[in-house]
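**Student:** Residue numbers (the numbering used here), protein chains in the order written: chain S, 130 to 603; chain F, 976 to 1183.
The hints are simulated quantities; they were obtained by calculation from the structure and are not laboratory data.
Keep in mind that a hint or two might mislead.
Pulled a few chain S residues facing chain F out of the computed Cβ check, cut under 7 Å [what the hints assert, rightly or not]: (1) Gln185; (2) Leu197; (3) Ala270; (4) Thr310; (5) Pro313; (6) Ala317; (7) Asn356; (8) Gln388; (9) Pro401; (10) Ala432; (11) Ser495.
In this text, a Cβ means the ideal position worked out from N, Cα and C, and glycines have one as well.
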Amino acid sequence: MSAGGLHPSQPFPDAARETLADAQMRRNLRHAAGTIREKRLRAVAEVANWEDIRTQGASIKDTVLGNLAEHLLELEASVKRRGGQVHWARDAGEAQRLVADLVAAQGVSEVIKVKSISTDEIELNAALEARGIHATETDLAELIVQLAEDRPSHILVPAIHKNRAEIRELFRHKLGADLLTDDPAVLAEAARVYLREKFLTTKVAISGANFAIADTGTVCIVESEGNGRMCLTLPDVLISVMGIEKVLPSWADIAPFMQLLPRSSTAERMNPYTSFWSGITPGDGPQHFHLILLDNGRTDVLADKVGRETLRCIRCSACLNVCPVYERAGGHAYGSVYPGPIGAILTPQLLQLEDENANSLPWASSLCGACYDACPVKINIPEILIYLRGQITPHKTPNAESIAMKTAAWIFNEPHRFEGAIKLAHTGQGPLVQHGAIRALPGMLGGWTSSRNLPPFPKQSFRELWRRENEGEQ
Amino acid sequence: MKVSSEARLDILTRINRATGGQQPALERMPVLPSSRPRADIVAQFAEYAAEYRAHVQTVTESEVPGVLALLLAGKRVLVPGGLPAAWLAPLNTTPDAGQSHAELSSFGAVLTTCAAAIAETGTVVLDHGPGQGRRALTLIPDQHVCIVRADQVVDSVPEAVAALQAAITAGRPLTWISGPSATSDIELSRVEGVHGPRRLNILLIDSA
């Protein structure tokens, strides 16, 4: 199922240990991240006032967040004025019920979906299935992930961990497609043939939203394949699930984001297709439109003065592609629909810092700052990571770390204690030193050496050396 | 729906509690008209659209019927209302009369104009007004021929957004198109034509 949800099933270090063993995935990711990274730098370098546009993007988002209720009320009024309906969902369960009720009211058991992380966040597909409604993902990568009963591993290219040979096998088994080669064009054609009939006949479509304009009631979907256009225009009923932070004040505010998003995301000047619609258009497209405004933890993030800027995120995935930790551990290690640096700050906050596994995510970073440099809306991810570490640590029990720190303070406070400790360490380390390095410390200290070697203590400390040298002179 | 209205009140209350008191002001960047020569802007649009594998031909007004006749020879061409009769004369056209989706898929090509085009991205924008038709027309047939007048090309995305304000205020849908449909989902190999038209032809009418 592509519906992965927010809650990681294990702490990041445990999940990462498993994913790091997957050499194939690491090769795919290294290639993908490297390619997009390079292309992105070229795409960004073309825009003379890129930094100004970033600042403008961040500033529009901050304005929206500071007056969120006002903008949402205006959006609601505008969408209604244009013939659409607006619903509010406090949490995932409420959003699931709203969508399922709307689909059930149409008397259908099949829906088509545009790729949407917000619907993955609320685990919509599984919830619909439980109500006897089957949702077909129409984005090629999402379809691959769905057919493989796998989870997405990247925001932009969710099936990046899969090879063409694996996809060919999958399509042969699940779609019954007769595929002579694993050429991507042949595989894409198989998906085209499989989905064509569904596009032309399915009555209800479900999407997310990239942006929504408050004063005109215009919703926007940015995509490449045309599956989005198919879902947004051919069915009779369209249901869009949108995080409340996606609203923009006015039409003019879309301009910086249409510059920032494609270049940051796919590293293209512009994505192939973008659709904008305002409520319903008589004689063109769905004649019933429902917009669901989803909270699901976002108001808690909003209430945190430091964490709030996380909600500027436009889901471009630039931070994933520059992150050394993501590139090695892969998206699945984050255990949530939001992987990478943005996931490391967004997931624990959406879960109110109460989920033990999600609370390990702020440590899934080397704090190198590459994500901050890449972010088109200037989210200071490293600062928020450190802030969240501080917020989370006090929750931790029983505190071995603080006992160790107190002991260390006691030792470092007096020179004779420090010297004694060094001597003790030099004598005691004997059995641990192998080939000139300490490869595994015992007990709790093992955490230090689980991913690096420790140089052994020297035979002679600097203090001893100093004393000996000076004794000779005096 | 009772639940929904309770949810609405709850969410708005939580937002107001979270944001109380702060009202950051927004300073928008002014949209500066481009200072580049028109010819450069139009040439860049043609170049960038072609880089996204649109087939771009620059023509004069009088050449349009002849070029269309060559491009669409032997094809059943779907046309929205509002196109000049002179363009259509040499073609096998069928006007949009609200055909079903299944009927639309029997056409080989669709011919439209556009509302604007953007040089810095190689994008054409449809506002589905006269000459462009409803959204399904440019989505289902396999080939889209789009006619762009050079004076519709603007330099930048902000200029295009400003030019489209009236269409959005009027509640019209917009479709921004940059090259034909494409995916890079399989090992990042770019493949054209997953679901939308596999071929995009742009005829750029340059009267200069």
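**Student:** Hints first: check each against the structure and report whether it holds.
**Tutor:** Hint-by-hint comparison with the structure:
1. A hinted interface residue such as Gln185(S) counts as satisfied when its beta carbon comes closer than 7 Å to some beta carbon of chain F; here the least separation is about 5 Å, so the hint holds.
2. The closest approach between the C-beta of Leu197(S) and any C-beta of chain F is roughly 5 Å, which is under the 7 Å cut-off, so the hint is satisfied.
3. The restraint placing Ala270(S) at the interface with chain F holds, with a minimum CB-CB distance near 4 Å, inside the 7 Å limit.
4. Checking Thr310(S) against chain F by beta carbon gives a least distance of about 12 Å; that is not within 7 Å, so the hint is violated.
5. Checking Pro313(S) against chain F by beta carbon gives a least distance of about 4 Å; that is within 7 Å, so the hint holds.
6. The beta carbon of Ala317(S) comes within 4 Å of a beta carbon in chain F, closer than 7 Å, and the hint placing it at the interface holds.
7. Hint status for Asn356(S) relative to chain F: holds, with the closest Cβ pair at about 5 Å, below 7 Å.
8. A least Cβ separation of about 5 Å between Gln388(S) and chain F falls short of the 7 Å threshold, and the interface hint therefore holds.
9. For Pro401(S), the suggested interface contact is upheld, since its CB lies about 5 Å from the closest CB of chain F, less than 7 Å.
10. With a cut of 7 Å, the hint placing Ala432(S) at the interface with chain F holds, because the nearest CB-to-CB distance is about 4 Å.
11. This hint is violated: Ser495(S) has a C-beta 25 Å from the nearest C-beta of chain F, more than the 7 Å allowed.
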